[in-house]
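Colleague: Using the sequences and the hints, build the whole thing.
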Amino acid sequence: MVLALGVSTLVALALTFDMVFPGLRETWQRHWARRRRVPEFSLDPGRERRAEQTARALLRSCVSDEEWAMYRELGLIRVWGKHPRTHAGGEYAYLIYPHKPIVAYEPTTGRLLGEHCVTFPDQTRPYGSSRLPDSDDVLAKWMALTGDERRLIGEANMHMPGRQIDPTQIVRDLWRLSRWERSRMREAAAELDVSSAAREA
Amino acid sequence: MKPGHGEVVIAGGDVAVPEEEARLLAAFREQLDAGLWAAVPLVQADGRREAMMVRSFDDVPRDAERVIFFPRAAGG
Numbered sequence: 001m002v003l004a005l006g007v008s009t010l011v012a013l014a015l016t017f018d019m020v021f022p023g024l025r026e027t028w029q030r031h032w033a034r035r036r037r038v039p040e041f042s043l044d045p046g047r048e049r050r051a052e053q054t055a056r057a058l059l060r061s062c063v064s065d066e067e068w069a070m071y072r073e074l075g076l077i078r079v080w081g082k083h084p085r086t087h088a089g090g091e092y093a094y095l096i097y098p099h100k101p102i103v104a105y106e107p108t109t110g111r112l113l114g115e116h117c118v119t120f121p122d123q124t125r126p127y128g129s130s131r132l133p134d135s136d137d138v139l140a141k142w143m144a145l146t147g148d149e150r151r152l153i154g155e156a157n158m159h160m161p162g163r164q165i166d167p168t169q170i171v172r173d174l175w176r177l178s179r180w181e182r183s184r185m186r187e188a189a190a191e192l193d194v195s196s197a198a199r200e201a
Numbered sequence: 001m002k003p004g005h006g007e008v009v010i011a012g013g014d015v016a017v018p019e020e021e022a023r024l025l026a027a028f029r030e031q032l033d034a035g036l037w038a039a040v041p042l043v044q045a046d047g048r049r050e051a052m053m054v055r056s057f058d059d060v061p062r063d064a065e066r067v068i069f070f071p072r073a074a075g076g
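Sequences listed follow chains V and G, in order. Take 1 as the starting number for the first sequence in my numbering and just add one per residue. Take 1 as the starting number for the second sequence in my numbering and just add one per residue.
No lab work stands behind these hints, which were simulated from the structure alone. Ideal Cβ placement from N, Cα and C applies to all residues, glycine included. Treat the hints loosely; a few may be bogus.
Derived DEER-like restraints, expressed as beta-carbon distance ranges [as the list claims (entries may be wrong)]: (1) Pro-121/V <-> Val-9/G: 42 to 52 Å; (2) Thr-109/V <-> Asp-14/G: 47 to 57 Å; (3) Arg-23/G <-> Glu-106/V: 43 to 53 Å; (4) Gly-46/V <-> Arg-66/G: 23 to 33 Å; (5) Gln-164/V <-> Val-9/G: 32 to 42 Å; (6) Asp-63/G <-> Lys-82/V: 49 to 59 Å; (7) Arg-23/G <-> Val-194/V: 23 to 33 Å.
Modeller: Below, the structure written as structure tokens:
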């Protein structure tokens, strides 16, 4: 009986020591090194997702229905250039992607004109992430382009097409965009037909 | 716009009320002093959407619903 109790006590002591010792050792080592406890960074995996949801709502409230549908369905927004690019007044436009360069191109020919590499870095950085959510990045580019195109393009680094985005991807996106626009025009025309037929009846 | 947070409301108020306008002005200056850009989303008469970049509080239309601050652009 005494022997069994003694063995049990020894086992219990050994287990307790195993649990307590690492903590005691860490405390002693920290004390020895005169270091303070550094608060651990608690990672919230849902934070980025919630931030993106908020950003999408903000973007939705600022851009037109067509631009919102374009972003939702194609992952990009096209913004028309405001200034004549040449003396002949050539038309041009930009493709805005989240966290990628702004791509300038000629809508009539599909010719790629250049990549405008621009970021919106967080200067304060105390919040863990230095990047805006995707939709905020798109909205920042959209506001800066529609509000002051020259200023934004002046801040950006301009490169030849293909530096960061594969030109074949852009060509494919332009093709998707034109198909998407044709489809929307067909839908709008069909709706118009239905409503005019209803009026006649 | 705040990285990791999305939209964060900084201040709200009515510019017709002097105390609230002063508070909005102070918040506006604080953001611009921190190096942020400011824009007002607009809806044109023809329904077109665009933004107006503002550099001072006086540039903000009196009927603007909101001013959006975002980090200033830098070459990437």
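Colleague: Each hint: holds or not?
Modeller: Verification of the hints:
1. Pro-121/V <-> Val-9/G: 42 to 52 Å: violated (22 Å)
2. Thr-109/V <-> Asp-14/G: 47 to 57 Å: holds (50 Å)
3. Arg-23/G <-> Glu-106/V: 43 to 53 Å: Holds: the Cβ-Cβ distance is about 47 Å, inside 43 to 53 Å.
4. Gly-46/V <-> Arg-66/G: 23 to 33 Å: With Cβ atoms ~26 Å apart, the hint holds.
5. Gln-164/V <-> Val-9/G: 32 to 42 Å: Given a distance of about 34 Å, which is inside 32 to 42 Å, the answer is holds.
6. Asp-63/G <-> Lys-82/V: 49 to 59 Å: For Asp-63/G and Lys-82/V the Cβ distance comes to about 24 Å; the hint is violated.
7. Arg-23/G <-> Val-194/V: 23 to 33 Å: Given a distance of about 51 Å, which is not inside 23 to 33 Å, the answer is violated.
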